[in-house]
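Peer 1: Under my numbering, residue 1393 is the last one in the sequence shown; the count climbs by one each step, no gaps.
Do not take every clue at face value.
Restraint-style ranges between C-beta atoms, simulated for each label pair [unchecked claim]: (1) E1323 x S1347: 29 to 37 Å; (2) P1370 x S1337: 17 to 25 Å; (3) Q1300 x G1366: 31 to 39 Å; (4) T1365 x K1320: 21 to 29 Å; (5) Q1316 x V1362: 17 to 25 Å; (6) D1350 x A1303: 22 to 30 Å; (7) Q1300 x S1322: 28 to 36 Å; (8) G1327 x I1348: 21 to 29 Å; (9) V1315 x P1370: 18 to 26 Å; (10) A1304 x A1351: 30 to 38 Å; (11) D1350 x E1323: 29 to 37 Å; (12) R1306 x I1348: 18 to 26 Å.
Straight-line C-alpha distance at most 16 Å; calculated EDC-like pairs for lysine to aspartate or glutamate [said to hold, decoys possible]: (13) K1354 x D1372; (14) K1302 x D1340; (15) K1354 x D1338; (16) K1302 x D1350.
The hints are simulated quantities; they were obtained by calculation from the structure and are not laboratory data. Glycine is no exception: its CB is placed at the ideal position from the N, C-alpha and C atoms.
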Amino acid sequence: MALPAQTKAAQRLWYDEAQKVQDRIKASEELLGIPHSLWHFFSDADVRANEPSIRDAQFKQVRAHVAVLETGAIPPDDSKQGSFGGLFRSLWQAVRGKG
(Lines of atoms letter the chains of each structure in order from A and count residues from 1; the text may use other names and numbers.)
(Lines give C-alpha, C1' and ligand atoms only; values in the text may rest on other atoms or scores of the structure.)
Protein backbone atom coordinates (compact mmCIF):
# COMPACT_ATOMS: atom_id res chain seq x y z
CA MET A 1 0.00 0.00 0.00
CA ALA A 2 1.36 3.40 -0.94
CA LEU A 3 1.46 6.12 1.68
CA PRO A 4 0.02 8.61 2.08
CA ALA A 5 -3.34 7.14 1.13
CA GLN A 6 -4.64 9.83 -1.23
CA THR A 7 -7.90 8.36 -2.51
CA LYS A 8 -10.99 7.36 -0.51
CA ALA A 9 -10.46 3.74 -1.60
CA ALA A 10 -6.85 3.79 -0.44
CA GLN A 11 -7.92 5.35 2.86
CA ARG A 12 -10.54 2.61 3.40
CA LEU A 13 -7.84 0.01 2.79
CA TRP A 14 -5.53 1.82 5.21
CA TYR A 15 -8.22 1.98 7.92
CA ASP A 16 -9.05 -1.72 7.48
CA GLU A 17 -5.40 -2.72 7.87
CA ALA A 18 -4.80 -0.21 10.68
CA GLN A 19 -7.74 -1.69 12.61
CA LYS A 20 -6.13 -5.13 12.46
CA VAL A 21 -2.90 -3.72 13.88
CA GLN A 22 -4.75 -1.81 16.59
CA ASP A 23 -6.65 -4.96 17.60
CA ARG A 24 -3.35 -6.84 17.96
CA ILE A 25 -1.90 -4.02 20.06
CA LYS A 26 -4.95 -3.92 22.34
CA ALA A 27 -4.60 -7.68 22.90
CA SER A 28 -0.90 -7.41 23.79
CA GLU A 29 0.30 -6.71 27.32
CA GLU A 30 3.69 -5.74 25.95
CA LEU A 31 2.49 -3.28 23.31
CA LEU A 32 -0.26 -1.61 25.31
CA GLY A 33 2.04 1.26 26.24
CA ILE A 34 2.79 2.40 22.68
CA PRO A 35 2.93 6.17 22.22
CA HIS A 36 -0.31 8.08 21.79
CA SER A 37 0.96 9.55 18.52
CA LEU A 38 0.92 6.09 16.95
CA TRP A 39 -2.83 5.82 17.60
CA HIS A 40 -3.19 9.12 15.69
CA PHE A 41 -1.12 7.73 12.85
CA PHE A 42 -3.54 4.81 12.55
CA SER A 43 -6.57 7.10 12.42
CA ASP A 44 -5.35 10.13 10.44
CA ALA A 45 -4.97 8.87 6.85
CA ASP A 46 -7.48 11.44 5.61
CA VAL A 47 -5.69 14.24 7.45
CA ARG A 48 -2.29 13.22 6.03
CA ALA A 49 -3.78 13.25 2.52
CA ASN A 50 -4.90 16.87 2.91
CA GLU A 51 -2.34 18.44 5.25
CA PRO A 52 1.30 18.09 4.15
CA SER A 53 2.67 19.62 7.35
CA ILE A 54 0.76 17.13 9.53
CA ARG A 55 1.76 14.29 7.20
CA ASP A 56 5.43 15.22 7.43
CA ALA A 57 5.31 15.59 11.22
CA GLN A 58 3.53 12.26 11.68
CA PHE A 59 5.94 10.39 9.42
CA LYS A 60 8.90 11.93 11.26
CA GLN A 61 7.44 10.87 14.60
CA VAL A 62 6.65 7.34 13.41
CA ARG A 63 10.18 6.93 12.03
CA ALA A 64 11.55 7.92 15.46
CA HIS A 65 9.25 5.38 17.15
CA VAL A 66 10.29 2.64 14.72
CA ALA A 67 13.95 3.37 15.47
CA VAL A 68 13.25 2.81 19.18
CA LEU A 69 11.19 -0.33 18.47
CA GLU A 70 14.07 -1.75 16.43
CA THR A 71 16.20 -1.69 19.59
CA GLY A 72 13.64 -3.91 21.33
CA ALA A 73 12.32 -1.10 23.52
CA ILE A 74 8.84 0.43 23.59
CA PRO A 75 8.88 4.17 22.80
CA PRO A 76 7.79 6.34 25.74
CA ASP A 77 4.20 7.49 26.07
CA ASP A 78 3.86 10.90 24.42
CA SER A 79 0.29 11.69 25.47
CA LYS A 80 -0.11 14.91 27.36
CA GLN A 81 -1.02 14.76 31.04
CA GLY A 82 -4.78 14.98 31.36
CA SER A 83 -5.33 14.21 27.67
CA PHE A 84 -7.90 11.75 26.43
CA GLY A 85 -5.05 9.47 25.35
CA GLY A 86 -3.57 9.49 28.84
CA LEU A 87 -7.01 8.94 30.36
CA PHE A 88 -7.72 6.09 27.94
CA ARG A 89 -4.39 4.46 28.75
CA SER A 90 -5.01 4.71 32.51
CA LEU A 91 -8.54 3.38 32.16
CA TRP A 92 -7.44 0.54 29.87
CA GLN A 93 -4.67 -0.47 32.26
CA ALA A 94 -7.09 -0.40 35.19
CA VAL A 95 -9.57 -2.57 33.32
CA ARG A 96 -6.82 -5.04 32.46
CA GLY A 97 -5.64 -5.06 36.09
CA LYS A 98 -2.41 -3.19 35.43
CA GLY A 99 -3.26 0.12 37.06
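Peer 1: Of the hints stated earlier, which fail here?
Peer 2: Numbers 10 and 16, in rising order.
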